[in-house]
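For the record, the sequence lines run as chains A and B.
Residues in the first sequence are numbered from 614 upward in steps of one, following my numbering.
Residues in the second sequence are numbered from 47 upward in steps of one, following my numbering.
Hints may contain errors.
Partial list, computed: chain B residues near chain A (C-beta under 7 Å) [to be verified]:
no.: 1; residue: Asn80
no.: 2; residue: Ala89
no.: 3; residue: Pro90
no.: 4; residue: Leu92
no.: 5; residue: Tyr95
no.: 6; residue: Phe133
no.: 7; residue: His137
no.: 8; residue: Tyr141
no.: 9; residue: Phe143
no.: 10; residue: Ala145
no.: 11; residue: Gly146
Taking lysine-lysine pairs in the BS3-like style, the calculated list, with each CA pair at most 30 Å apart, reads [claimed, not checked]:
no.: 12; chain 1: B; residue 1: Lys70; chain 2: B; residue 2: Lys91
no.: 13; chain 1: B; residue 1: Lys70; chain 2: A; residue 2: Lys678
no.: 14; chain 1: A; residue 1: Lys656; chain 2: B; residue 2: Lys148
no.: 15; chain 1: A; residue 1: Lys632; chain 2: B; residue 2: Lys85
no.: 16; chain 1: B; residue 1: Lys70; chain 2: A; residue 2: Lys632
Pairwise CB distance ranges (calculated) [unchecked claim]:
no.: 17; chain 1: B; residue 1: Ile104; chain 2: A; residue 2: Gln720; range: 15 to 21 Å
no.: 18; chain 1: B; residue 1: Ser58; chain 2: A; residue 2: Ala716; range: 26 to 32 Å
no.: 19; chain 1: B; residue 1: Asn76; chain 2: A; residue 2: Gly639; range: 29 to 35 Å
no.: 20; chain 1: B; residue 1: Lys70; chain 2: A; residue 2: Asp675; range: 19 to 25 Å
no.: 21; chain 1: A; residue 1: Arg680; chain 2: B; residue 2: Asn74; range: 37 to 43 Å
no.: 22; chain 1: A; residue 1: Arg629; chain 2: B; residue 2: Thr102; range: 37 to 43 Å
no.: 23; chain 1: A; residue 1: Ser728; chain 2: B; residue 2: Thr120; range: 43 to 49 Å
no.: 24; chain 1: B; residue 1: Ser138; chain 2: A; residue 2: Ser728; range: 36 to 42 Å
no.: 25; chain 1: A; residue 1: Asp675; chain 2: B; residue 2: Val129; range: 30 to 36 Å
no.: 26; chain 1: B; residue 1: Arg64; chain 2: A; residue 2: Gln689; range: 44 to 50 Å
no.: 27; chain 1: B; residue 1: Leu151; chain 2: A; residue 2: Val615; range: 28 to 34 Å
By construction, these hints were calculated from the structure, which means they are not laboratory data.
Because the structure is a prediction, the values reported are computed rather than measured.
Glycine included, every Cβ here is placed at the ideal spot set by N, Cα and C.
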Amino acid sequence: EVQLVETGGGLVQPGRSLKLSCVASGFTFNNYWMSWTRQAPGKGLEWVASITNSGGSTYYPDSVKGRFTISRDNAQNTLYLQMNSLRSEDTATYYCTRDRGFAYWGQGTLVTVSS
Amino acid sequence: DIQMTQSPSFLSASVGDRVTINCKASQNINKYLNWYQQKLGEAPKLLIYNTNNLQTGIPSRFSGSGSGTDYTLTISSLQPEDVATYFCLQHSSRYTFGAGTKLELK
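Just chain A, with the same shape it has in the complex (with noise of 0.2 Å):
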């Protein structure tokens, strides 16, 4: 059964930084991309960060690109998202997803950027 585990998530103020981590379970973690999607709450989704399998290439939308970054350890079936000079409008539940087609989702982790 394939499994995605976030953590990470917390109250953080504006400015700071914060790193997030899902651990893989369930399937061959480095035969897939893997990425990072977030819902500011009660809003839509919003894609963040993909990374390649091997971890040799990565994107970013506009808005988080420059400070957010994407990572991933397939030794630890991890995968990470960096995220500094955080904002009001990360306030999120950030979800790791598996494959290019956002098949596979964890359960998310809440992330509140707030003084």
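Since the structure of chain A is already known, use the hints to place chain B on it.
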């Protein structure tokens, strides 16, 4: 960037009704269109991938169709457990979600 326009935003229907939800892309997305169901407090769940392929374990009352810029999710006979918000996702060029359709029982 590709924009996705989803309609309607809100839908009220009765058990047994046929329900359709639409997504229109700002350019041809070559059938790279997925549909998701999200129940309150849960993560999204994939229903349909690449326009018309039913994800494993999803009831056959869900179906998808479309091509080019226009895509449709159909629920052939609405069930109480289908109350949820539905999102489309284009994955032809990067990723863009539709704004969602909240489906409620009448």
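Now for the hints, and whether the structure bears them out:
1. Hint status for asparagine 80(B): holds, given a least beta-carbon distance of 6 Å to chain A, under 7 Å.
2. Among the interface hints, the one on alanine 89(B) holds; its C-beta lies about 4 Å from the nearest C-beta in chain A, closer than the 7 Å criterion.
3. The closest approach between the C-beta of proline 90(B) and any C-beta of chain A is roughly 6 Å, which is under the 7 Å cut-off, so the hint is satisfied.
4. Interface hint status for leucine 92(B): upheld, as the beta-carbon distance to the closest one in chain A is roughly 5 Å, under 7 Å.
5. A hinted interface residue such as tyrosine 95(B) counts as satisfied when its beta carbon comes closer than 7 Å to some beta carbon of chain A; here the least separation is about 5 Å, so the hint holds.
6. A distance limit of 7 Å between C-beta atoms decides the matter here; for phenylalanine 133(B) the minimum to chain A is near 6 Å, and the interface restraint holds.
7. This hint holds: histidine 137(B) has a C-beta 6 Å from the nearest C-beta of chain A, less than the 7 Å allowed.
8. Interface restraint check for tyrosine 141(B): the shortest CB-CB distance to chain A comes to about 4 Å, inside 7 Å, so the restraint holds.
9. Taking 7 Å as the C-beta contact cut-off toward chain A, the hint placing phenylalanine 143(B) at the interface holds, the least distance being around 4 Å.
10. For alanine 145(B), the interface hint holds, since its Cβ comes within 7 Å of a Cβ in chain A; the closest pair sits about 5 Å apart.
11. Given the 7 Å rule on beta carbons, the hint for glycine 146(B) holds: about 5 Å separates it from the nearest Cβ of chain A.
12. Simply put, lysine 70(B) and lysine 91(B) have alpha-carbon atoms about 21 Å apart, close enough for the 30 Å limit, and the pair holds.
13. Only pairs whose Cα atoms come within 30 Å are accepted, and lysine 70(B) paired with lysine 678(A) is accepted, the gap being roughly 26 Å.
14. With a C-alpha separation of about 11 Å, the suggested pair lysine 656(A) and lysine 148(B) falls inside the 30 Å cut-off, and the hint holds.
15. Taking the CA atoms of lysine 632(A) and lysine 85(B), the gap is near 27 Å; set against the 30 Å cutoff, the hint holds.
16. Distance check on the hinted pair: lysine 70(B) and lysine 632(A) sit about 35 Å apart at the alpha-carbon level, beyond 30 Å; violated.
17. Restraint check, isoleucine 104(B) to glutamine 720(A): a C-beta distance of roughly 19 Å satisfies the suggested window 15 to 21 Å.
18. Separated by about 30 Å at the C-beta atoms, serine 58(B) and alanine 716(A) satisfy the suggested range of 26 to 32 Å.
19. Distance hint check for asparagine 76(B) and glycine 639(A): the Cβ-Cβ separation is about 30 Å, which falls inside the suggested range of 29 to 35 Å.
20. A beta carbon spacing of about 23 Å between lysine 70(B) and aspartate 675(A) agrees with the range 19 to 25 Å that was offered as a hint.
21. One distance hint, 37 to 43 Å for the beta-carbon pair arginine 680(A) and asparagine 74(B), is violated here, with the actual separation near 32 Å.
22. For the hinted restraint 37 to 43 Å between arginine 629(A) and threonine 102(B), the CB-CB distance of approximately 41 Å keeps it satisfied.
23. Our hint of 43 to 49 Å for serine 728(A) and threonine 120(B) holds, since their Cβ atoms are close to 47 Å apart.
24. For the pair serine 138(B) and serine 728(A), the beta carbons lie near 40 Å from each other, so the given range of 36 to 42 Å is met.
25. About 35 Å separates the C-beta atoms of aspartate 675(A) and valine 129(B), a value consistent with the hinted range of 30 to 36 Å.
26. Between arginine 64(B) and glutamine 689(A) the C-beta distance comes to about 47 Å, which sits within the given range of 44 to 50 Å.
27. Distance hint check for leucine 151(B) and valine 615(A): the Cβ-Cβ separation is about 31 Å, which falls inside the suggested range of 28 to 34 Å.
Checked against the numbered hints above, the structure violates hints 16 and 21; every other hint is satisfied.
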